[in-house]
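Whenever a hint applies, use it, and build me the whole structure from the sequences.
Residue-level listing of the chains:
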Amino acid sequence: MSDAAEPGRTTLRDGFGVLGVAIRREPWIFTISTLGSLLFGALTVADAWVLGWSTDHVVLPAFESGTTATGGLVAVLALFLGVAILRAVGIVARRLGAGVMQYRMQAAYRREVTGQYLRLPMAWHQRHPAGQLLSNANSDVEAAWAPIAPLPMAVGTLAMVVIAVVQMLLVDLTMAAVGLMVFPLVTVATLTYQRFSSPLFTRIQALRAELSEVAHESFDGAMVVKTLGREGEETARFAEKADQLRDLGIRVGRIRAVFDPLLEAIPGFGVLGVLGVGVWRIRNGHADPGDLVTIAYLLTIVAFPIRSIGWLLGEFPRSVAGFRRVHRVLDEPVDTSYGDTTLGQGEAARLELESLAYSYVPGQRLLADLSLVVEPGRTVAVVGETASGKSTLTTLLTRLVDPDAGRVLVDGVDLRDLPRGELARHVALVPQSAFMFDDTVRGNITLGEDVADEDVWAALRTAQADGFVAALPHGLDSRLGERGTSLSGGQRQRLSLARALVRRPRLLILDDATSAVDPEVEGRILAGLRRDGGGPVGTTLVLIAYRKATIGLADEVLFLAGGRIADRGTHAELLARNPAYARLVNAYEEVTT
Amino acid sequence: MSAGTAMATGDEITAWQTIKRGAEISPELKDGLWGTVLLALLGTAGRVVVPIAVQQTLDRGLHGPHGLDLPFVTRMALLAALALVLTGIASYLMTARLFTTAERGLATLRIKAFRHVHDLPLLTQNTERRGALVSRVTSDVDQVSQFLVFGGIIGIVSVGQIVVATMIMLVYSWQLTIVVWVCFAPLFLSLRYFQLRLSEAYGLVRRMVGQMLAAVSEPVVGAVVVRTHAIEGRTQARIDEAIASYQSASTRAQGLTAFSFSLGGVSAGLANALVLIVGIWLGQGHLWAGDITSGKVLAFAFLVTMFVSPVQMGTQVLTDAQNAIAGWRRVIGILDTPADLDDPGTEGVALPHRPLDVEFAHVDFAYPQGPLVLCDVDLRIAAGTRVAVVGETGSGKTTFAKVLTRLVDPVGGEVRLAGHDLRTVSFDSLRRRVVLVPQEGFLFDSTLLANASYGDLAAGPDDVSRAVVELGLGDWLDGLPRGLDTRVGPRGESMSAGERQLVALIRAHLADPDLLVLDEATSAVDPALEMRIGRALETLMSGRTSVTIAHRMSTAENADEVIVFDQGRVVQRGPHVALVAEGGVYGRLHSSWVAQQAT
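For the record, the sequence lines run as chains A and B. For the first sequence, this note's numbering gives the first residue as 1, with consecutive numbering after it. For the second sequence, this note's numbering gives the first residue as 1001, with consecutive numbering after it.
Since the hints were made in silico from the structure, they are not lab data. We treat Cβ as the ideally placed atom computed from N, Cα and C, and that holds for glycine. Among the clues, some could well be false.
[Claimed, not checked] Listing some non-contacts, in silico: residues in chain B with all C-beta distances to chain A over 10 Å: (1) 1174; (2) 1342; (3) 1419; (4) 1420; (5) 1460; (6) 1477; (7) 1543.
[Stated by the list, open to error] With the Cβ distance kept under 7 Å, some of the chain A side facing chain B (calculated, not the full set): (8) 87; (9) 91; (10) 100; (11) 107; (12) 134; (13) 257; (14) 272; (15) 468.
Now the structure itself:
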């Protein structure tokens, strides 16, 4: 969809394309709505006919004869009211139909776009801030389907226009020909409008997303803004975008200000033209006054539909801009492959890494040729400096990313051979920073699964979170705010741990998951995990750890350095024989306690 | 007075009040209003030109005293053409002006609402989800924009047309004019009823948009949890539900709109019929007849069309307006929510620029409708002292920090800095002299330089570099390939937790506070960074009063004094060594720290 050469025509074509998508998707509603519009149109013309009939058969005779035939009056009333009521039915069908069609298309596309958000990999999300995504799902979708509202009216009036034009041609060809000049004029006006406004609308939709982005980020960091007193600066940042949006809106407005009056004036000039030609033809005896009246009236009636078609076409630039933005998301390839092997239940999982390699930045290997085996039920601590790849390891183990080379195997099965959602049934990750949903405590722990309360409490107990949860005003039903801000960092961490435990994972990965917890409590948690591994079935534990207490809990320690396992053994062994390890662990102890 | 109330939705104010308030908030909307209205009326007057030209041509041009009167017709046509051109120009000017004032007024609205969100008290901010807040300053304002421009134009024009049409109708026949108005009376009366129903319906629609955006935003921010627990299905279901709610609310509102609009058409039909019927009746020579001719009656029939069309448009505008007004209301709702704990502003006290002493005088604090979290906290912290605050989770220490920095106001007692009640200190001064470094440093998706200079906006790269060196972080900065231009990613995610803390400390150093309140970060950090943080903190805490919510034994050991919280009360206080000897709560904490180290 290039818009370089002829923006006007491309927008026109693409705009119709968008409408085509909608019509194909909702053919029935579109039909009902258009029929309503046709009904409306036909009855508007009928209105003129009724007026003519009333004039000839009731009004003029009444004035000439001086008497009134009641039957005639009743007929006039009945005809006009009848036409009006039927017309009202047409209007309702048209408007409601258009609305329903519009909302359905919006809802469908919103579902698809948000579904895409959930499918696209983390790497894509890092490039697309939350605020932008909100704008895509809302403003762009709305813009894309905006032309549906005037669509049935425009289509319906087409029929009206056709009928009126045919009638005009039947009455008097020459006058009609003059009248019909309005059509090409309107077309030219529309194309010119589209050409100038399309690029502006594209930029406007983009700006809307940028505005949303600034707002989202700013509200996210509201506390920092407040504590540093930076409300003014943040507002200035937002105001800059808002002002840009405003200025573009004004520019679009000026262009529109030329277009709309033209649409109004052109039919008017058409009528005047008809008037002139008509009078000349009457003088020459080629036409009757009645013909002039009819054609003038028909043309006046046709003026409104011409405007509505113009409005429809006038919506195209914004619609095309929104549609393209939405499709950039929808057309993004999701190339995560899945298989269909399932893992067995029951025992603790066996983890194996085979020559794993990964780099964030091409050329800078973070992990290189990492191989290890963790037998089921073992507890392994992973120790290493920052940026040695520990957290990256957790993303590889949970398949948040795929390795550049090598394999991750759980129970001998490559993660890539597992169907969607299978891995989460067996492996749980407790990330470094705990995220809480705007939900109850129970909801945050069970995440919608059907889990008995006693199991929830059991998980909370192991996570040493049962105490404070029981003390909350509504216990498990207490609501946590969006950022879980009514809880302390340590409390959120423990809930995050309970959330992982309640699913009885066979492999549990803790990324520094007890850091915000008091040392006493941490000790109890780790002891609990060790003892019953989070549930009746055993659990293989992988701990990203720093504190000696934590490390001490492990059967084995893996010392990660230079992207590979530099050493492994028990904590005591490594302390004794590996000076780099000893330095790291001791240094940490010195500075943190 | 501690707020913590939810954000106002604006549901209580009527449509008329909304427009009035809206105009107050965005004074640009009133700019040149009369000029615009005048242009609209001119444009409207112009619109009747063609029908009149037609009518005159028929009446006098065709049936004139000598048959066809061509010069007359030509004159009429030229006059009409001129009028059309003038009308076009008037319309252009009117539309351009409307767009300009609308866009400017709405930009003002957006910006004011945005600023107000930041002015809201912390607790109130936390009652509304991010996505919903964003919708108020984006989507809700957009609705108003569509209406003000198109609706506004059509509305003004319609009213003008109705007035002009009525006047012309009166010229032809006042009796028939009354007939027309009577036919439309029920419609006008029913508008009030429909207005109320529609305003409810559209209010619901706007609420649903907020909910929908909140539902979409949450899983984006919590993407890691969503994916690792594979709850995409449930998340999608929640989003779908929000989308469906919005869809059904919109559909319902639209149905109501369509129905109310269609009533206008029925009135029109009635009017058409009655005009003819009454016209005929009057033509029979009855009382109050005047000089009704068949020509007049027929001409009147045309005029009715001129009247009906703007009434329909006007009705449509009024009903569509409800959508915009609903959005407008929500934004006004933000502005009506009480702003931060009263900022004394320019009348407030300015804190002196020296290390501050702290005094808590019998302070109580409870979250709205909650139990007391701080209970009779009464203490003094001398200027320049380094204090560590410890206690188990939930003991009230973080709340203590919030009260100390006036993020919330106590429900009882007073907090004083340098002898001044915090509530009398201007926010401007407060935020400069007191800096809170929260547990999890929030960074903006920008460069290190930008994030650091958030502490002191006047700071340039040299100042930041100097601050970095003063904190002993020079070699760390040198280790970053792009130095100060390193991008930190959304929420600072491109950096490790430890590095985020470093940036927060640099920021605090640049802010140069007289009271530093530090909610100690706890995420484990690699030892080299940890040492750097420790050194940086040493520098940061010298020369000022510092209160650290501590999680590490070393912090407590190195402090001049330790304050121990337990269940909202201060239970112990003194230097580390003394407290260890005392035992008690501190003793317990100390033991477990030591036990940790021994393994």
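Hints versus structure:
Listed as a non-interface residue, residue 1174/B keeps its Cβ farther than 10 Å from every Cβ of chain A; the least gap is roughly 19 Å. Every beta carbon of chain A lies more than 10 Å from that of residue 1342/B, the smallest distance being close to 15 Å; the non-interface claim holds. Every CB of chain A is more than 10 Å from the CB of residue 1419/B (nearest about 22 Å), matching its label as outside the interface. Separation of residue 1420/B from chain A is adequate, the least Cβ-Cβ distance of about 17 Å exceeding the 10 Å criterion.
With a minimum CB-CB distance of about 16 Å to chain A, residue 1460/B clears the 10 Å threshold, and the non-interface call stands. Once the 10 Å rule is applied to beta carbons, residue 1477/B is consistent with being away from chain A; the minimum gap is 15 Å. A cut-off of 10 Å between C-beta atoms confirms that residue 1543/B is not in contact with chain A; the least separation is 20 Å. Hint status for residue 87/A: holds, given a least beta-carbon distance of 5 Å to chain B, under 7 Å.
Hint on residue 91/A holds. Least Cβ distance to chain B is approximately 5 Å, under the 7 Å limit. At about 6 Å, the closest approach between the beta carbon of residue 100/A and any beta carbon in chain B falls short of 7 Å, and the interface hint on this residue holds. Checking residue 107/A against chain B: minimum C-beta separation of about 4 Å stays under 7 Å; hint holds. At its closest, the beta carbon of residue 134/A sits 5 Å from a beta carbon of chain B; the interface hint therefore holds under the 7 Å criterion.
Evaluation of the residue 257/A hint against chain B yields a held restraint, the C-beta minimum of about 4 Å falling below 7 Å. Because the smallest distance between the Cβ of residue 272/A and any Cβ of chain B comes to about 5 Å, under 7 Å, the interface hint for this residue holds. For residue 468/A, the suggested interface contact is upheld, since its CB lies about 6 Å from the closest CB of chain B, less than 7 Å.
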